[in-house]
Amino acid sequence: MGSLAILTLGVGAMVGFGWIVLVGGWIESAGTFGAILAFAIGGAMMALIALIYSEMVAAMPQAGGEHNYIIRALGPRWSLIGSWAITGGYAAVVAFEAVALPRALGYVIDLEHIKLYEVAKSDVFLVWALVGSVTAIVITIINILGAKLAGGVQTFVVVFLFVIGAVLFAGMLVNGEPAKMEPFFNGGAVGFFAVLIVVPFMFVGFDVIPQAAEEANISPRKIGKISIASVLVAAVWYILIIITVSVALSHEQLATSDLAAADAIGVLFGNDFMPKVVVAAGVAGIVTSWNSLQLGASRLIYSLARSGMLPNWFAYIHPRFGTPVNALLLLGIIATIAPFFGRAALIWVVDAASPLIVIAYFLVTVSFVVLRHREPGMERPLRVGGKGNAGLWIGYVAIAVAAFLIVLYIPGMPGAAVMSWQSWVVFGLWWIAGIIFMLRIPRGIKAGPNAEHEIEAIMKRK
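Numbering (the working numbering), first residue to last: -17 to 444.
Derived by calculation from the structure, the hints in this document are not laboratory data.
Built from N, CA and C at the ideal position, the CB exists for glycine as well.
Treat the hints with caution; some may be incorrect.
[Said to hold, decoys possible] List time: in silico DSSO-like cross-link candidates among lysine-lysine, alpha-carbon distance up to 27 angstroms:
| id | residue 1 | residue 2 |
| --- | --- | --- |
| 1 | K428 | K442 |
| 2 | K97 | K258 |
| 3 | K207 | K369 |
| 4 | K258 | K162 |
| 5 | K369 | K204 |
[As the list claims (entries may be wrong)] Distance windows between CB atoms, simulated:
| id | residue 1 | residue 2 | range |
| --- | --- | --- | --- |
| 6 | I123 | E357 | 40 to 48 angstroms |
| 7 | K204 | L374 | 21 to 29 angstroms |
| 8 | A385 | H300 | 38 to 46 angstroms |
| 9 | I299 | V218 | 34 to 42 angstroms |
| 10 | E357 | Q235 | 50 to 58 angstroms |
| 11 | E94 | I440 | 51 to 59 angstroms |
| 12 | G88 | M360 | 47 to 55 angstroms |
Using the sequences and the accompanying hints, generate a full structural model.
Structure below.
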């Protein structure tokens, strides 16, 4: 994959379907400027973490991203914790996208035919579920056929998404009413944090770029720079969407809108056709996010299996296409069956994914600082903060940011309030499986540049 494919891989993973459905709630919770401030601050936090990733991926451009950084800095057990956490986050989003697609299309086409059963008071219809399942099979096949094809599809769909976005912003400039942006702030600190806790989940995806590093046809230094650029592009996108919706819909209209971005473009252009175009952009966002995260998750699973932390079956590479076919098949199966669990059950899974992802971010930032101390002479094609100790202080701030994000999900804090007990059960079950795999890891392997080879050799002898 080239530079454009790598950039669209990260941006496409972050700009999914949520902006269409959730933007109205963001503005209602915090007000126009409150929501913008939350995304500006949250985006800055994620850009800081992306900055840490940029040095790590440039220094260690291997498939698996987090796995490579953490095992070298902290050892194999911590590597499994971080890698297992973010793999769970990716898998949850992949499963949710298989549900989000028929939901998006349902605004344009009636898919609720042949009711099967109910799950958590949510009806499951055969036609509705098959739309998600068939798409899951198609995306899995595209990924199996190679990263270049997956990257090409990603580039095309992201370009389409941003063309639709440009039309949306043009309507804002011509027909937007600034008076509708009031109230500028709403809900005080509670409203602000209600939006801020969503930010990590909305920015999940820049970390997919390191997973595909071995399949990038560009320099490691450039991969690192693209990681940061992808976060900045996504931040600008979300802020512009907030502004666009706020100048199109009044406070009363927002309160009754189920699809705020689509309703906004309908008001701006004064017809019923343009909202369907926005839904098409939402479908494009679903495909880009789904494609990116399935690619990233499969590389993580492959890397863990290659080192012996997961069953070797997942390390199998297709002899013709060069892709981790068995890991992709596992994720494809998850996405194929996900629509048959209905919308309500999948929300439990997605809510459980957010704390998983920030745990991985925390361990990566800690690994960054540890490696700066332990291996100062390590080759770093992209060195954050230059030659002095500025990069080290950036690392400490990044640790504090990641720790803050984790604290938000501790019971009693704002992030935990949005998670149901079912989500905590899913969270716990994922870690039970992780502990089982952790017990397979032999003791006595120290962190360092040879840790990967040592554990791989031991597990092969076993």
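Results of checking the hints against the structure:
For the given pair, K428 sits about 18 angstroms from K442 by alpha-carbon distance, which is consistent with the 27 angstroms threshold. With a C-alpha separation of about 26 angstroms, the suggested pair K97 and K258 falls inside the 27 angstroms cut-off, and the hint holds. A distance of roughly 17 angstroms separates the Cα atoms of K207 and K369; the hinted pair therefore holds under the 27 angstroms criterion. Note on K258 and K162: the hinted pairing holds, with a Cα-Cα distance of about 23 angstroms set against a maximum of 27 angstroms.
A hinted pair counts as satisfied when its Cα atoms are at most 27 angstroms apart, and K369 with K204 qualifies at roughly 19 angstroms. Hint check: I123 to E357, Cβ distance near 41 angstroms, so the stated range 40 to 48 angstroms holds. As the Cβ distance of K204 to L374 is approximately 24 angstroms, the hint placing it in 21 to 29 angstroms holds. Evaluation of the 38 to 46 angstroms hint for A385 and H300 yields a pass: the beta carbon distance comes to about 40 angstroms.
With their beta carbons about 37 angstroms apart, I299 and V218 fall inside the hinted range of 34 to 42 angstroms. Range check, E357 to Q235: Cβ separation about 56 angstroms, and the 50 to 58 angstroms hint holds. Checked against the hint of 51 to 59 angstroms, the pair E94 and I440 passes, with Cβ atoms roughly 53 angstroms apart. G88 and M360 have their C-beta atoms about 51 angstroms apart, which keeps the hinted 47 to 55 angstroms range intact.
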